[in-house]
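Engineer: These are the residues of each chain, in order.
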Amino acid sequence: MGKSNLFVNGTKGDKAIVLGNEAIARGALEAGIGYASMYPGTPASEIIAVLDKNKSSIENLYTEFSLNEHISLHGAIGASWSGIRSLCAMKNVGLNVASEPAQFLSYTGVKAGLVLAIGSDPGAPSSSNEQDDRWYSLHNYMPIMEPSNIQEAKDFTKDAFDISEKFSFGVVLMAPSRLCHNAGTLYFGDLRDRSEIKGDFKKDPENYLNLFGMAVRNHAKYLERNELLKKYLIESKFNKIINGSSSKIGFISSGVVYAHLMESLDILGVYDHKILKLGFTFPLPGELIGRFFEGLDKVVIVEEAEGFLEFQIKKIAYELGFKGAIYGKEFFKQTGELTIDDVIVGISNFFEKPLPSYFDFAVKKDKELRDKLPQRSGTFCIGCPHRATFYSILKAVGFSNTEGKEREAVIAGDIGCYTLGLLPPYNAMDFLTCMNAGLGIGQAISIFDKQKKVIALVGDSTFYHSGIPVLLNAVQNGSDILYVILDNSWTAMTGHQKTPSTQKDIDGKPSANVLNLKDLVKSLGVSYVKSLDPNSVKRFASQIKSALKEPGVKVIIAKRECILQEARRNKILNKKGSGFAEAGESLYEIQKSRCVKCNECFVELACPAIILKKDEETGNDYYYIDPASCVKCGVCCEICPNSAIRKVEFDLKTEFKLRQRAEIKSAEEVPNEVRINV
Amino acid sequence: MKKFNIAIVGLGGQGIITMGTVMKNAALSSDLQDVSGSERRGGAQREGYVETFVKYIFYENESEMKDPRKSMHSPMIESGGADALISLEPLETLRGACYINKNSIVIFNKTPYIPISVRMGQTSYPEISFIVSELMKITENIFYYDFDAISLENFNSLTQKNIIALGALFAKAVIPIEIAAIENILKIGKGSENNLKAFKLGLKL
Numbered sequence: 001m002g003k004s005n006l007f008v009n010g011t012k013g014d015k016a017i018v019l020g021n022e023a024i025a026r027g028a029l030e031a032g033i034g035y036a037s038m039y040p041g042t043p044a045s046e047i048i049a050v051l052d053k054n055k056s057s058i059e060n061l062y063t064e065f066s067l068n069e070h071i072s073l074h075g076a077i078g079a080s081w082s083g084i085r086s087l088c089a090m091k092n093v094g095l096n097v098a099s100e101p102a103q104f105l106s107y108t109g110v111k112a113g114l115v116l117a118i119g120s121d122p123g124a125p126s127s128s129n130e131q132d133d134r135w136y137s138l139h140n141y142m143p144i145m146e147p148s149n150i151q152e153a154k155d156f157t158k159d160a161f162d163i164s165e166k167f168s169f170g171v172v173l174m175a176p177s178r179l180c181h182n183a184g185t186l187y188f189g190d191l192r193d194r195s196e197i198k199g200d201f202k203k204d205p206e207n208y209l210n211l212f213g214m215a216v217r218n219h220a221k222y223l224e225r226n227e228l229l230k231k232y233l234i235e236s237k238f239n240k241i242i243n244g245s246s247s248k249i250g251f252i253s254s255g256v257v258y259a260h261l262m263e264s265l266d267i268l269g270v271y272d273h274k275i276l277k278l279g280f281t282f283p284l285p286g287e288l289i290g291r292f293f294e295g296l297d298k299v300v301i302v303e304e305a306e307g308f309l310e311f312q313i314k315k316i317a318y319e320l321g322f323k324g325a326i327y328g329k330e331f332f333k334q335t336g337e338l339t340i341d342d343v344i345v346g347i348s349n350f351f352e353k354p355l356p357s358y359f360d361f362a363v364k365k366d367k368e369l370r371d372k373l374p375q376r377s378g379t380f381c382i383g384c385p386h387r388a389t390f391y392s393i394l395k396a397v398g399f400s401n402t403e404g405k406e407r408e409a410v411i412a413g414d415i416g417c418y419t420l421g422l423l424p425p426y427n428a429m430d431f432l433t434c435m436n437a438g439l440g441i442g443q444a445i446s447i448f449d450k451q452k453k454v455i456a457l458v459g460d461s462t463f464y465h466s467g468i469p470v471l472l473n474a475v476q477n478g479s480d481i482l483y484v485i486l487d488n489s490w491t492a493m494t495g496h497q498k499t500p501s502t503q504k505d506i507d508g509k510p511s512a513n514v515l516n517l518k519d520l521v522k523s524l525g526v527s528y529v530k531s532l533d534p535n536s537v538k539r540f541a542s543q544i545k546s547a548l549k550e551p552g553v554k555v556i557i558a559k560r561e562c563i564l565q566e567a568r569r570n571k572i573l574n575k576k577g578s579g580f581a582e583a584g585e586s587l588y589e590i591q592k593s594r595c596v597k598c599n600e601c602f603v604e605l606a607c608p609a610i611i612l613k614k615d616e617e618t619g620n621d622y623y624y625i626d627p628a629s630c631v632k633c634g635v636c637c638e639i640c641p642n643s644a645i646r647k648v649e650f651d652l653k654t655e656f657k658l659r660q661r662a663e664i665k666s667a668e669e670v671p672n673e674v675r676i677n678v
Numbered sequence: 001m002k003k004f005n006i007a008i009v010g011l012g013g014q015g016i017i018t019m020g021t022v023m024k025n026a027a028l029s030s031d032l033q034d035v036s037g038s039e040r041r042g043g044a045q046r047e048g049y050v051e052t053f054v055k056y057i058f059y060e061n062e063s064e065m066k067d068p069r070k071s072m073h074s075p076m077i078e079s080g081g082a083d084a085l086i087s088l089e090p091l092e093t094l095r096g097a098c099y100i101n102k103n104s105i106v107i108f109n110k111t112p113y114i115p116i117s118v119r120m121g122q123t124s125y126p127e128i129s130f131i132v133s134e135l136m137k138i139t140e141n142i143f144y145y146d147f148d149a150i151s152l153e154n155f156n157s158l159t160q161k162n163i164i165a166l167g168a169l170f171a172k173a174v175i176p177i178e179i180a181a182i183e184n185i186l187k188i189g190k191g192s193e194n195n196l197k198a199f200k201l202g203l204k205l
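Protein chains in written order, with the working numbering: chain A, 1 to 678; chain B, 1 to 205.
Be careful, since some hints might not be right.
[As the list claims (entries may be wrong)] Derived coverage of chain A by chain B (criterion: at least 3 residues anywhere in the stretch with Cβ under 8 angstroms from a Cβ of chain B; other residues may be distant):
no.: 1; stretch: 181-189
no.: 2; stretch: 340-350
no.: 3; stretch: 418-425
no.: 4; stretch: 604-612
[As the list claims (entries may be wrong)] With a cut-off of at most 30 angstroms between alpha-carbon atoms, the simulated DSSO-like pairs for lysine-lysine come out as follows:
no.: 5; chain 1: B; residue 1: K190; chain 2: A; residue 2: K3
no.: 6; chain 1: A; residue 1: K518; chain 2: A; residue 2: K538
no.: 7; chain 1: A; residue 1: K3; chain 2: B; residue 2: K187
no.: 8; chain 1: B; residue 1: K110; chain 2: A; residue 2: K614
no.: 9; chain 1: B; residue 1: K187; chain 2: A; residue 2: K53
no.: 10; chain 1: A; residue 1: K365; chain 2: A; residue 2: K298
no.: 11; chain 1: A; residue 1: K498; chain 2: A; residue 2: K518
no.: 12; chain 1: A; residue 1: K559; chain 2: A; residue 2: K452
no.: 13; chain 1: B; residue 1: K70; chain 2: A; residue 2: K333
no.: 14; chain 1: B; residue 1: K190; chain 2: A; residue 2: K365
no.: 15; chain 1: A; residue 1: K632; chain 2: B; residue 2: K110
no.: 16; chain 1: A; residue 1: K405; chain 2: A; residue 2: K231
[What the hints assert, rightly or not] Pair ranges (Cβ atoms, derived):
no.: 17; chain 1: A; residue 1: D297; chain 2: B; residue 2: P68; range: 36 to 46 angstroms
no.: 18; chain 1: B; residue 1: Q122; chain 2: A; residue 2: S245; range: 55 to 65 angstroms
no.: 19; chain 1: A; residue 1: D626; chain 2: B; residue 2: E140; range: 43 to 53 angstroms
no.: 20; chain 1: B; residue 1: I179; chain 2: A; residue 2: D505; range: 33 to 43 angstroms
no.: 21; chain 1: A; residue 1: K613; chain 2: B; residue 2: N61; range: 50 to 60 angstroms
no.: 22; chain 1: B; residue 1: D31; chain 2: A; residue 2: K613; range: 17 to 27 angstroms
Calculated directly from the structure, the hints in this document are not laboratory data.
Backbone N, C-alpha and C fix where the C-beta goes; we use that ideal spot for every residue, glycine too.
Chain A on its own, in the form it takes in the complex (with noise of 0.2 angstroms):
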């Protein structure tokens, strides 16, 4: 058989396309992992995602998505301990999750090695911050590699086993954004045996037992292996110094803005500067700045966020006695990405070049378009049950866009799909933070201001993460808050995994262990729980007005699945010639003359397969359910005022075959395999 799928069967001499998420993966596949967990978390889950798709190819792989960072990691450590080498990803809050098990490993120890893979997220596109988790290894001591393009984020990760057994450390493998969504060309390396895969826990009371003077000697002993560590890094294959000509000055960088850094170079044409890249950023040895520091008068510090190199490097200078200067924040911004546009700006300042003609021409002529252009921001999709659960909530707090009510009730948010309830024109969020903050917050401002109504607003996943025991503190301390609980069965944002809550896979079939989460809640002492499907309007909102008037912890689960894995499921049934299609079709349809532009489904539930249009002979504008993007969810109907909103059937198959064009405008309908299978 030829090779089909690279990710799992290439071999020395193979290439292909692939994303720094997969190359991360396949690093740890090389490396012989038997163990792959997550918690889902953008940028970083396509690094278990390609694992897990893959495992029935695999030999001897374990995947699994943890409830939350700090088990999963927990579980690598597990693995590690029994002889398997683990990989365990996340994103980049995802770490405060994990920051006990990560403080430990280090006291510990690991047994086989145990790579942790972190995405982070300057700039915050899929984040509710944009810490930079590389400051947790001052304290935890785990040591840092930054991958710069795609090849490396594959060699990195296969050598950080290696180390990670050497000095026995849990490794972190640092990504931004910028590199786990990266696609370009990796060349594969060979596969391990697989065969010998197999779990072997041996006791090791002396480093695993973690107490009171058995701490105080694990601790000194990390901080030896921490030296021993430094000692290597002095000549590894990592940091590498690239020598300049005559000149006094000198650059150092890491990751994805050592790649902006060189490319920003060659857009400027200098050529003649020493250049110091760090493949480890932690632990930073001495000696090695030291070398690197040799002849210059100036060293320039390019990395983003608030300087975790130059805090480093500028205590080695004092150590060493470096009687050069030594910039970095002063030319490179600490907050947001620190972008190529921000390098190529930084380094111009810093030499006082002026910018090429072309970038400063672009860079002005956006400045002065960007004020002119509307905002646009993301929203549920055609469908979501997440929008007809927030126009409900809305409705029963008495909000509305079009008459300008502003609503009752403190909305407490949280993370998941749902956030995007927080944009216009739901607005419908008073605090956003991290994970659980939204009950843990909201349950306090329930006893403290009496006045007001607190709803407090969480997904399935995001429940199962770490919601359980807020909720129970929540009943236990007698708070008087609504939970609404947006049960859509999936941790959907991340991409579709499984939560507790998935009912059927989407090829139909059925998950072992699927929990109730009605008896659940139940069982923490809630007296007040309903299940409703939020896709029924009116009765929704009637049932939040009703247990907003109830006193203590209400829960009001919204139960409907995501539209796009039921999308998905049906196609995929139907493809199997289930006949399911075939059946009746139905359209909704505004009719012009009932229509009055109330704005009620245009507006105030902003569905966006409702558009407007301009009608060709009277030039007045209409609203119109484009037929190509409605998915016949059918709330609309249910909320328009004036009837003017019907259901069409349809009975005709040739009429069904015009009308049904796409089901969702999905992205992934072209070749999705394409980037692994070459």
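Since chain A is already given, all that's left is putting chain B on it; use the hints.
Structural biologist: Chain B only, in chain A's frame:
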């Protein structure tokens, strides 16, 4: 070393990332060729702004390919650094205009997707004539079509508009990648027949 940078912009769900993937895969035939380029995905932001970059790199020789000062490429395109811009939404063409220069080729889709702020009456959607005139201040090589309509008409679905636009790019710009290389990629995977047909439709524009 020669480079050819393509920026692709549009909305979540329009097939932007797929276009980038197809184009990058077409760059695997030569050893002296490299490709880079990141995607801006941003969670599940349906209808939000999405962009992806395709950066083709052609080395003169092996020693250049091994030169650390030449062989590391940013995943991003700098302002004004794109040789071509494809946009699947008219307004977003202007958001992506930061990447183009006076020699760039611009291909954009005429079908607007109205942002929420316009729906709510807070802002207005620019006329196509405004979009074109603003682009003309940067480059004269501007081509726009109703890719949504072409896709609907030929496939009864909107999903092929990205591949049609890709064909249009190859029709209008001199891309240092062979058309056959793109077609070879489109032959693999789901829906290859429609993809090839869509690409050919674009080539004829």
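Engineer: Now, for every hint given, state plainly whether the structure supports it.
Structural biologist: Checked hints:
1. 181-189: holds (count 5)
2. 340-350: Holds: 3 residues of the stretch 340-350 of chain A have a Cβ under 8 angstroms from chain B.
3. 418-425: holds (count 4)
4. 604-612: Held - the stretch 604-612 of chain A has 4 residues with a Cβ nearer than 8 angstroms to chain B, which meets the minimum of three.
5. B:K190 <-> A:K3: Holds - the C-alpha atoms of K3 of chain A and K190 of chain B are around 18 angstroms apart, at most 30 angstroms.
6. A:K518 <-> A:K538: 22 angstroms, holds
7. A:K3 <-> B:K187: Holds, at about 17 angstroms.
8. B:K110 <-> A:K614: 15 angstroms, holds
9. B:K187 <-> A:K53: Measuring from Cα to Cα gives roughly 23 angstroms; hence the hint holds.
10. A:K365 <-> A:K298: 34 angstroms, violated
11. A:K498 <-> A:K518: With a Cα-Cα distance of about 18 angstroms, the restraint between K498 of chain A and K518 of chain A holds, given a limit of 30 angstroms.
12. A:K559 <-> A:K452: 26 angstroms, holds
13. B:K70 <-> A:K333: 26 angstroms, holds
14. B:K190 <-> A:K365: 41 angstroms, violated
15. A:K632 <-> B:K110: 26 angstroms, holds
16. A:K405 <-> A:K231: 66 angstroms, violated
17. A:D297 <-> B:P68: 36 to 46 angstroms: 23 angstroms, violated
18. B:Q122 <-> A:S245: 55 to 65 angstroms: 56 angstroms, holds
19. A:D626 <-> B:E140: 43 to 53 angstroms: 34 angstroms, violated
20. B:I179 <-> A:D505: 33 to 43 angstroms: 40 angstroms, holds
21. A:K613 <-> B:N61: 50 to 60 angstroms: 57 angstroms, holds
22. B:D31 <-> A:K613: 17 to 27 angstroms: At 53 angstroms between Cβs, range violated.
The structure fails hints 10, 14, 16, 17, 19 and 22 (numbered hints given earlier, in ascending order).
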